[in-house]
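Peer 1: These protein sequence lines are chains F and D, in that order. Going by our numbering, the residue at position 103 of the first sequence is 103; the numbering climbs one at a time, nothing skipped. Counting from 1 along the second sequence, just add 1000 to a position and that's the residue number in our numbering.
If you're looking for bench data, these hints aren't it; they were derived computationally from the structure. Every value quoted in this text rests on a predicted model; they were computed, and no experiment measured them. Careful, some of the hints might be misleading.
What the hints assert, rightly or not - Reference listing, derived: stretches of chain F covered by chain D, where coverage requires no fewer than 3 residues with Cβ under 8 Å from a Cβ of chain D:
{"id": "1", "segment": "110 to 119"}
{"id": "2", "segment": "123 to 134"}
{"id": "3", "segment": "243 to 253"}
Quick reminder that beta carbons are idealized off the backbone N, C-alpha and C, glycines included.
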Amino acid sequence: MTQQKTRVVVAMSGGVDSSVAAALLVEQGYDVVGIMLRLWAEEGDDGLGQPNSNRCCAPEAVADARAIAKMLGIPFYDIHAEQVFKQRVVDTWVNAYADATTPNPCFNCNRSIRFGFLMQRALALGASYMATGHYARVIAPVAGAASPVFKLRKGADAHKDQSYVLHVLGQKDLARAMFPCGGYVKADVRELARRFNLPTAERAESQDLCFLTQGDYRGFLARQMPEVAKPGPIVTAAGVEIGQHDGLPFYTVGQRRGLKLHAQSTDAEPLYVLKLDAARNALVVGTLAALGASAAFVGAMHYCDDLAPSAPLRCTAKIRYKAKEAAGVLTPLPNGSAEFVFDEPQRDITPGQGLVCYLGDVVVGGGVISRKVKG
Amino acid sequence: MRSSLLFWRTGLYNSSMTSRRVYLDHSATTPIAPDVLAAMQPALTSEYGNASALHSFGRDAAAALDEAHALVGCALSARAGEIVFTAGGTESDNLAIRGGALAARKRRGLEHGHIISALSEHHAVEATVLQMREMYGFEVTMLPVDSHGVVDPDTLRAAIRPDTVLASLMLANNEVGSLLPIAALGAICRERNVLFHTDAVQAPAYQALDVNALNVDFLALSAHKFYGPKGIGVLYIREGTPYTLVSTGGGHERGRRPGTVNVAGAVGTAAALKYVARERAAQATRLMALRDTLIDGVLAAVPESRVSGHPTLRLPGHASFVFNGVDGESLLMALDVEGIAVSTGSACTSGDPEPSPVLVAMGIAREWALGGLRITLGYQTTADDIAYVLETLPRCVARVREAAAAFS
Chain F
1 MTQQKTRVVV AMSGGVDSSV AAALLVEQGY DVVGIMLRLW AEEGDDGLGQ PNSNRCCAPE
61 AVADARAIAK MLGIPFYDIH AEQVFKQRVV DTWVNAYADA TTPNPCFNCN RSIRFGFLMQ
121 RALALGASYM ATGHYARVIA PVAGAASPVF KLRKGADAHK DQSYVLHVLG QKDLARAMFP
181 CGGYVKADVR ELARRFNLPT AERAESQDLC FLTQGDYRGF LARQMPEVAK PGPIVTAAGV
241 EIGQHDGLPF YTVGQRRGLK LHAQSTDAEP LYVLKLDAAR NALVVGTLAA LGASAAFVGA
301 MHYCDDLAPS APLRCTAKIR YKAKEAAGVL TPLPNGSAEF VFDEPQRDIT PGQGLVCYLG
361 DVVVGGGVIS RKVKG
Chain D
1001 MRSSLLFWRT GLYNSSMTSR RVYLDHSATT PIAPDVLAAM QPALTSEYGN ASALHSFGRD
1061 AAAALDEAHA LVGCALSARA GEIVFTAGGT ESDNLAIRGG ALAARKRRGL EHGHIISALS
1121 EHHAVEATVL QMREMYGFEV TMLPVDSHGV VDPDTLRAAI RPDTVLASLM LANNEVGSLL
1181 PIAALGAICR ERNVLFHTDA VQAPAYQALD VNALNVDFLA LSAHKFYGPK GIGVLYIREG
1241 TPYTLVSTGG GHERGRRPGT VNVAGAVGTA AALKYVARER AAQATRLMAL RDTLIDGVLA
1301 AVPESRVSGH PTLRLPGHAS FVFNGVDGES LLMALDVEGI AVSTGSACTS GDPEPSPVLV
1361 AMGIAREWAL GGLRITLGYQ TTADDIAYVL ETLPRCVARV REAAAAFS
């Protein structure tokens, strides 16, 4: 009996990152299996009476992924996950807008779809690991460590780092996760794709939410939740009505552009969205000075170590995917919540977005911001 | 395919699939028998004429086609003129249901008309019948099935109405392998002046078919299910049966299926029927024994496993199971990675944890029905293949269950 190779399932999308991830693992001698998930997209009509495909798993992308798997000589499965994606990611995302927040659907997708639905299938296939094309790294515990802990670390490419959306992972996930692109910068990955002759080397980046076929999230929300996306007043903190909004889901905290204010109000200091007030269907606006807040409260804080720090922790935090990290103190609270107090007030602390904490380039954990705390 | 793929020679190629491969999905398709391929060869190469043409090239093709009609007719105890070549089983089902129901409705002067089928039917029948309701105004009754997926003749008898024009019931269920009492069902239809179609696609590899003994007006076959080529099917249409064209064009196949006939396919179908007629008695006996070894072995080795479909009145090479708390698709992939090619029995279309409608119609509980697995043997299947499955399957089921428990 020959030595069994370690089996790894790669989540393939047909894009350059996951393709390179698969090729790297093959090169490293793993027994690689590719799986592509068909995810939900809004019902529509492609002109042939068929519903739209999710952009990241359109028929062309499936064909690309299948061709790459064939080139690499690995088994490839394209499996349907539309319903589970719709329920656990899209519906949750839409409902979060109904709660007047600005949610990030990638958290639930990573938690429930990649590291839930797909990981379950990977283990069923006898895989020891599941790999994705994310720009992040896993640090395995030192051999013989007294309390072995896997750490989630930022990707080597500061611009592409995706550790923010992976903060939801815990020990059982990290113990089985591989991010083969995490040690490279994007340009290197493209170069690897060329070296591997992968046909996706030159593919453009996709930025928008994968389930919006037209990239039009406003239209999508209006169709998904007409009862919530209703016009209402724009008010000052003092409650004075100074304009009308098109529906709360179309605004986010810190937004300045696109506010329809009554004519007499427009000559004053620039106004920003401070808060979405669901109870009154009102958009509360104010000046830049009023926008800042000194702390964020997280209702359910997740720690990658599966264990909250025993004392307040001085670290940094990111309040959006593309936000700069800011220093402060993370205080775990009883019942799983947490508060992060920034050294300097931050603008744009937005309920629904993730607050993700770092010690250097290691992710401590994170959670969805419930509210900002004025200081 | 992009050109860069052609230059893929960097030595990265790894064969992660285990080298052993066992094909056990013969209800999905079978390999072409060497005899069949040899018979098709002339029509694929030198004898390329259009069978409708008058010249010598056409005559050669027409002669080959005539012979194919005669051979297929003979194999079904039908006349050559009652055989129509189509593009496959699905097309044959469509032509029978649409062509028969529309013509019978018109002939009988009915406004709507009523069609009967069953909840266990293949998509080719189910989707066609449902479209007849949605787009053509027919009323439809989908008969329930018993716990083995079989339609009771009394249920059919009770469902027939004065305006019933057609019933379509399969001979052998593709998903669970059960055999239906087609002769009895057909007799009821005949007595009540209802056209009767049977999808017999799964049958020819194991049993002789006699359209008179079966009491059918239409019968559908697909050559690739019995060691013939893909892309060719047969529709038997009893002489004098109401039938109207579904697609229109030239007068091919005695005016019942327009389009240049796939002569090579027709010849291959005839050759395949000849091949299975020669082999099937011995194969059926052999495969039934292997199938029972497989069934007994799986039930003994896999906790919470059951056979789906009829325990004895089933296709000889067909074993189907349900496993409690197992995702059938995950199990299929786990087996594939071990080189074993099987099927869940029904195509999963949405990742929706929705069990197979056929298993649900049989009254199988949801947690079991989600774990359907179909293992279908063929003429090349060996005892060794079955031993390999019995060695591998219990381990895979256990792993799928563990994975579901660890990450839900």
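Peer 1: According to a criterion of three or more residues whose C-beta lies within less than 8 Å of a C-beta of chain D, is the segment 123 to 134 of chain F covered?
Peer 2: holds (count 4)
Peer 1: Against chain D, does the segment 110 to 119 of chain F show at least 3 residues with beta-carbon separation below 8 Å?
Peer 2: n = 4 at 8 Å, threshold three: holds.
Peer 1: Taking beta carbons only, do three or more residues of the segment 243 to 253 of chain F come closer than 8 Å to chain D?
Peer 2: violated (count 0)
The structure fails hint 3 only (numbered hints given earlier).
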